[in-house]
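Asker: Which chain is which? The protein sequence lines are A and B, in order.
Its first residue numbered 1406, the first sequence is counted upward by one per residue in this note's numbering.
Its first residue numbered 3, the second sequence is counted upward by one per residue in this note's numbering.
One or more hints might be untrue.
[What the hints assert, rightly or not] Derived DSS-like pairs: lysine-lysine, alpha-carbon spacing no greater than 30 Å straight-line:
(1) B:Lys-267 <-> B:Lys-33
(2) A:Lys-1471 <-> B:Lys-262
(3) B:Lys-261 <-> B:Lys-33
(4) A:Lys-1532 <-> B:Lys-33
(5) A:Lys-1662 <-> B:Lys-97
(6) B:Lys-186 <-> A:Lys-1631
(7) B:Lys-97 <-> A:Lys-1407
[As the list claims (entries may be wrong)] Here's a subset of chain B near chain A, in silico, CB distances under 8 Å, partners left out:
(8) Leu-87
(9) Gly-116
(10) Ala-247
[Said to hold, decoys possible] Cβ pair distances, simulated, as ranges:
(11) A:Leu-1604 <-> B:Ala-55: 46 to 52 Å
(12) A:Phe-1584 <-> B:Glu-4: 25 to 31 Å
(13) B:Val-254 <-> A:Ile-1652: 46 to 52 Å
(14) B:Ala-55 <-> A:Ala-1547: 21 to 27 Å
(15) A:Leu-1604 <-> B:Tyr-255: 28 to 34 Å
(16) B:Ala-133 <-> A:Phe-1557: 44 to 50 Å
No lab work stands behind these hints: they were computed from the structure.
Note that CB positions come from ideal geometry on N, CA and C, so glycine has one too.
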Amino acid sequence: MKRQLPLILVFVFGTLMVIQYFVPHENSETVKGFLLDWIVIIGIFALALGLWSLVQVSVAKINSRKENWEYPLVTLASLVMMMFFGFTAITEGASLWSYFLAITVFLIALWMFLQGFMGQAANRNMKLLSGLGLLIVFSLLAIFDSSWEFKFYTAEGLTNQMFVHFFDYIMIPLQATMFALLAFFITSASYRAFRARNLLATLLLIAALIVMLRFTPGPWGEYLAKTSAWVMNVPNLAAQRAIVIGIGLGIVATALKVILGIERGYMGKG
Amino acid sequence: MEFTTFLWTTFAAFLTLAVFSFLYKDNPMYKFAEHLFVGVSAGYFVIILWHGALVPNLFKKLADGDWYLLWLNASEWWYFVPFILGVMMFARFFKKSSWISRWPLAMYIGISTGLAIPLEMANRVNRQLWAMMEPINWSSFWGERYLDIGSGYSELLIFVGTIAALVYFFFSKAHTGAFGAVAKFGIWTLMLGFGASFGFTVMARISLFINRIQFLDINWGQAAFDASGTANENYHAGFQALFWAVWLIFLVYAVFEFKKYLNSKDKPSQPESTQA
Chain A
1406 MKRQLPLILV
1416 FVFGTLMVIQ
1426 YFVPHENSET
1436 VKGFLLDWIV
1446 IIGIFALALG
1456 LWSLVQVSVA
1466 KINSRKENWE
1476 YPLVTLASLV
1486 MMMFFGFTAI
1496 TEGASLWSYF
1506 LAITVFLIAL
1516 WMFLQGFMGQ
1526 AANRNMKLLS
1536 GLGLLIVFSL
1546 LAIFDSSWEF
1556 KFYTAEGLTN
1566 QMFVHFFDYI
1576 MIPLQATMFA
1586 LLAFFITSAS
1596 YRAFRARNLL
1606 ATLLLIAALI
1616 VMLRFTPGPW
1626 GEYLAKTSAW
1636 VMNVPNLAAQ
1646 RAIVIGIGLG
1656 IVATALKVIL
1666 GIERGYMGKG
Chain B
3 MEFTTFLWTT
13 FAAFLTLAVF
23 SFLYKDNPMY
33 KFAEHLFVGV
43 SAGYFVIILW
53 HGALVPNLFK
63 KLADGDWYLL
73 WLNASEWWYF
83 VPFILGVMMF
93 ARFFKKSSWI
103 SRWPLAMYIG
113 ISTGLAIPLE
123 MANRVNRQLW
133 AMMEPINWSS
143 FWGERYLDIG
153 SGYSELLIFV
163 GTIAALVYFF
173 FSKAHTGAFG
183 AVAKFGIWTL
193 MLGFGASFGF
203 TVMARISLFI
213 NRIQFLDINW
223 GQAAFDASGT
233 ANENYHAGFQ
243 ALFWAVWLIF
253 LVYAVFEFKK
263 YLNSKDKPSQ
273 PESTQA
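Please construct the entire structure, taking both the sequences and the accompanying hints into account.
Answerer: Written out as structure tokens, the structure reads:
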């Protein structure tokens, strides 16, 4: 039951999905659509586990009071705030002060609760009660403040100006800068990789130089542009094609191993 | 630019500089930016998945009738099954019943692997093989211009290069003799491909870096010194004050680090331990 049933489920659903691909019938398509919706839903619930794990790790780090314990507070606060903004809509022209007050009360209440549940302090009950009290204050604010409201069922939160600002001025700059930072590390890595020690490294160096010089201003002219395009579209295409075929065959082989119960790593221990 | 917009832009500039400060070493500003990124990204994806996937794929299907009857009155009530399966994932929280979470996981893996087999074959393997089997342009073998991509020799090189690279990945036979020669040509092709891809990636990262510098210069720096278009002229001073405040934070940190370095230099070196 504990180990056999999952193996049977993988085999049955795996085989079903392979067969349905070759059955061009309306019912087959319906089953496929339905099962695809299933895995989206199950996948989202699995992501909730990941989210909980992030919260648990952060709270444990804060409670340990070890070096740099303050930073997970930033993670938790930004996580809750982003979710709060995504689930709320602000009435047009409304003042934001009461909205921010509500968020602050909510953050403190949540923190008290988390401390009460997961903390090891002696005054756990006190913290739980404080959290509950603050949650009641927050609920009253939410009920009587008409400048904003929760929207769980409709996606107004996606156009909430705070949600948009957090995305535009925090997430996008950070994401772009994190990748831009790689420019420095990849340059030092390329110095090591491109050293012409033997024929293979020299080929790597030549191809990379041609492609990189193409994107730099200089007296390179049309010939370099054409050489670069040729390198990208002929030898690079051949290499990438072989790799893609290899990856495709690898995925199929692994999928077969999973369906046939040879690969069981997903079940974990126990 | 409105003052609030500039305030947000200044915060974005601070975060940009904070991430770049990692080039010196791991520091409090970078740690702050890193943890903020984790939290905001996680929150963002929760919201996107909720509004973009969970509501349309589950909630709206279970509550399209009168909301107080929920799934009992829904036209697609059978969506309650994946909901239950999803909830079963939470059995992981309890050690004794954690095995229950294997059922939805097994269904997820079964469906996705079963789907992957024909799709991978059709979309990756077969499509690449079809593209490789296009007839070679023998009528214009050397092409019409310098390094013509559509010429016969280019197409022949793609065909031979792909076969050779695949031969290189075949490790069940020793790479000796004619087989070894083909494999050697395969590794040459792969090296040219890796070099081109790596060079392309380097340039992509550098263009991202240029974009961030342009943001600091144009969107932030120039905006700080050009308050035209704002309703209140006094904002001009506020813009510049914010601009210099951000630089001051980094300057203070640099001085702090420099002082730390000088102090460590002044300290006498540890005497060699003497064994009794």
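Asker: With a cut-off of 30 Å on the C-alpha distance, tell me whether Lys-186 of chain B and Lys-1631 of chain A pass.
Answerer: 26 Å, holds
Asker: Determine whether the Cβ-Cβ distance between Ala-55 of chain B and Ala-1547 of chain A falls within the hinted range of 21 to 27 Å.
Answerer: Since the Cβ atoms of Ala-55 of chain B and Ala-1547 of chain A sit about 26 Å apart, the hinted range of 21 to 27 Å holds.
Asker: Measure nothing beyond the straight line between the CA atoms of Lys-1471 of chain A and Lys-262 of chain B; if it is 30 Å or shorter, mark the hint as holding.
Answerer: 22 Å, holds
Asker: Holds or violated: Lys-97 of chain B with Lys-1407 of chain A, Cα cutoff 30 Å?
Answerer: 13 Å, holds
Asker: With a cut-off of 8 Å, does the beta carbon of Gly-116 of chain B approach a beta carbon of chain A closely enough for the hint to hold?
Answerer: Given a least distance of 3 Å, the restraint on Gly-116 of chain B holds.
Asker: Take the C-beta atom of Ala-133 of chain B and the C-beta atom of Phe-1557 of chain A, compute their distance, and say whether it sits inside 44 to 50 Å.
Answerer: 47 Å, holds
Asker: Does the beta carbon distance between Leu-1604 of chain A and Tyr-255 of chain B stay inside 28 to 34 Å, or does it fall outside?
Answerer: Check failed, 48 Å falls outside 28 to 34 Å.
Asker: Has the given pair, Lys-261 of chain B with Lys-33 of chain B, been kept, meaning a C-alpha gap of at most 30 Å?
Answerer: This hinted pair holds, its Cα atoms lying about 21 Å apart.
Asker: Check the following: the C-beta atoms of Val-254 of chain B and Ile-1652 of chain A are separated by a distance inside 46 to 52 Å.
Answerer: 50 Å, holds
Asker: Checking hints one by one. Is Leu-87 of chain B an interface residue toward chain A, by the C-beta closer than 8 Å rule?
Answerer: Leu-87 of chain B check passes; min Cβ-Cβ to chain A is 5 Å, inside 8 Å.
Asker: Taking 30 Å as the top limit, are the C-alpha atoms of Lys-1662 of chain A and Lys-97 of chain B close enough?
Answerer: Since the Cα atoms of Lys-1662 of chain A and Lys-97 of chain B sit roughly 28 Å apart, the hinted pair holds (cutoff 30 Å).
Asker: Measuring from beta carbon to beta carbon, are Phe-1584 of chain A and Glu-4 of chain B in 25 to 31 Å?
Answerer: 29 Å, holds
Hints 10 and 15 from the list above are not met by this structure, while the remaining hints are.
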